[in-house]
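Respectively, the protein sequence lines represent chains A and B.
Per our numbering: the first sequence = residues 972 to 1391.
Per our numbering: the second sequence = residues 158 to 316.
Hints listed in this document are in silico derivations from the structure and should not be mistaken for laboratory results.
All values derive from a computational prediction rather than experimental measurement.
Even for Gly, the Cβ is constructed at its ideal location relative to N, Cα and C.
Misleading hints may appear alongside valid ones.
Claimed, not checked - Only pairs whose alpha carbons sit at most 20 Å apart, straight line, appear in this in silico EDC-like list of lysine to aspartate or glutamate:
hint, chain 1, residue 1, chain 2, residue 2
1, A, 1042, B, 215
2, B, 205, B, 273
3, B, 281, B, 291
4, A, 1363, B, 192
5, B, 308, A, 1203
As the list claims (entries may be wrong) - What the simulated footprint calls covered on chain B by chain A, stretch by stretch (three residues with Cβ under 8 Å from a Cβ of chain A suffice, anywhere in the stretch; the number is not a length):
hint, region
6, 271 to 280
7, 309 to 316
To be verified - To list a few chain A residues with every Cβ distance to chain B over 12 Å, as calculated:
hint, residue
8, 972
9, 1060
10, 1245
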Amino acid sequence: MGMTITEKILAKHAGKKTVVPGDIISARVDLVFANDNTGDLAQAQFKKAGFNKVFDTQRVYFVADHFVPPKDVACAEQSRRVRLFSREMGLADFFEVGRVGIEHILLPELGLIKPGDLVVGADSHTCSAGALGAFASGVGSTDMAAAMAKGELWFRVPETIRFLYHGKPGPWISGKDLILYTIGQIGVEGANYKAMEFSGSAINALSLDDRFTMANMAIEAGGKNGIFHVDEKTLEFLKSRAKGQFEVVASDPDAHYSKTYEYDAEKISFQVALPHSPGNVKPVTEIGKIEIDQVVIGCCTNGRIEDLRAAARLLKGRETSPRVRTIIIPGSQEIYLQALQEGLIEIFIRAKAAVSLPTCGPCFGGHMGILAQGERALSTTNRNFLGRMGDKTSEVYLASPAVAAATAIRGHISTPGEVR
Amino acid sequence: MEYRGRVWKFGSNIDTDLIIPAIYLYTTDEQVLREHCLELIEPGFWKKVKPGDMIVADDNFGCGSSREHAPIALKAAGLSCVVAKSFSRIFFRNSINIGFPIFESKDAPEKVKSGDELVVFPEKGVITNLTKNEEYRSSIYPEFFRSIILKGGLLNSIK
């Protein structure tokens, strides 16, 4: 029997010809990374266990993106612990303010993740890199410490669920709408422990940035990884970036899927996840008038150039509503510069939106845009759990950059077509 | 080996932000993590919990972020284990990796109430409810996970 992409990558890295779902394997990792929060715990666990050397200084990275720039002394100390550990281990690079991007945007941008790679990151949204045809999965800090020490880690080979999207997405409809719709259909544990493989004509039509958005939110359905096939758009992205050779891996025609879901992308409209679950999804047109205090556009889910372009198309020549604080966060220095060169930053500032440096900041309720009691945010981020962005009585609604920009202009949750 | 304690019953989708809010991730200090454990849904949990107490929850316990601070906070709070209908994948790995026992059970979460006194027998896959005089089934670890837990966590097992 054939294998899925996920099974092929795991088999190869475990030195086996084949694997089947349920196998517990030890597999070689190509890249291991963590952020300032999880990296701090990982380095502490690593040292506590008595390790003093990483397996490969070119394959371990710390990306200080959460509490950065440090919001207080305790966070500055945390960044310092991770920085000092990176230096002590002689790591090839350490990414912080001025050089940093949000980890799941920065590392692919630097060409450090390639098709067929096996990547683990101590951050649940590590699954983002599946957009490049890599197996990428979020792990904890002890896993990170083990992988740093040995260059390998245990995995249970997951069953793969196939998601086929037919047709072509409508105007302004994005990967965010597709993935929110999907999570709404299958639920927040609809893919728990499983690989999510996305394909179909609608996927081929999506930009790579949209695919990153979809892979990013695989975890919100419980997925172990989200993965896409490599096509000419992937190769174009990798052309000037990829460090080293890579081998493109594809699912066999007779690969086994535990389930196949098929959706007609033409019928998927603008989607929004209501509080307090990414699975609580409804079409924007069915939720009535919901007034918003803050709009956030950015994050590892939607902080890429296509996301900023979509927001700018709506915000150009318009102003955000005076009742809405609008915060726009380019996901990396490269994206920030590109947005500047394309004139997007000027559009945002003239629209009275604030442009932030790259950070995870408000997405996880860390800093840079925390909600007060009873406030509501419409955000392009990935989670809207109770208290996620601030006070426990505040609310977060999740949607695409286009819906976010329309909402910023109108002051209540809106679709791009409602912007006059 | 058995785990005996009083139950704290929770519903489905207890996410890692509820277990330990992100604002405390600046530290790895178990004392700090313990004091804020579950504070959003059970204020003062750390003062009310007694050593050996256990959480029994419905589906998808530990969903959300990869923060290992979550099982560390639960362990530091003095909980002996968590029993749930299902666990989110990364929380499951993290718990096994730090040697914090968690068990899947389909029937215990249906029947158990907060305050019940339970005994979990992991080797037998049995949970006894001393308060109600009932018995439930629980998962038995595959050998691989058992060996990690017995060695006190993943890092001890690979050294």
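So, going through the hints one by one against the coordinates:
no. : hint           : in the structure
1   : A:1042 x B:215 : 36 Å, violated
2   : B:205 x B:273  : 15 Å, holds
3   : B:281 x B:291  : 15 Å, holds
4   : A:1363 x B:192 : 17 Å, holds
5   : B:308 x A:1203 : 48 Å, violated
6   : 271 to 280     : violated (count 0)
7   : 309 to 316     : holds (count 6)
8   : 972            : 24 Å, holds
9   : 1060           : 16 Å, holds
10  : 1245           : 14 Å, holds
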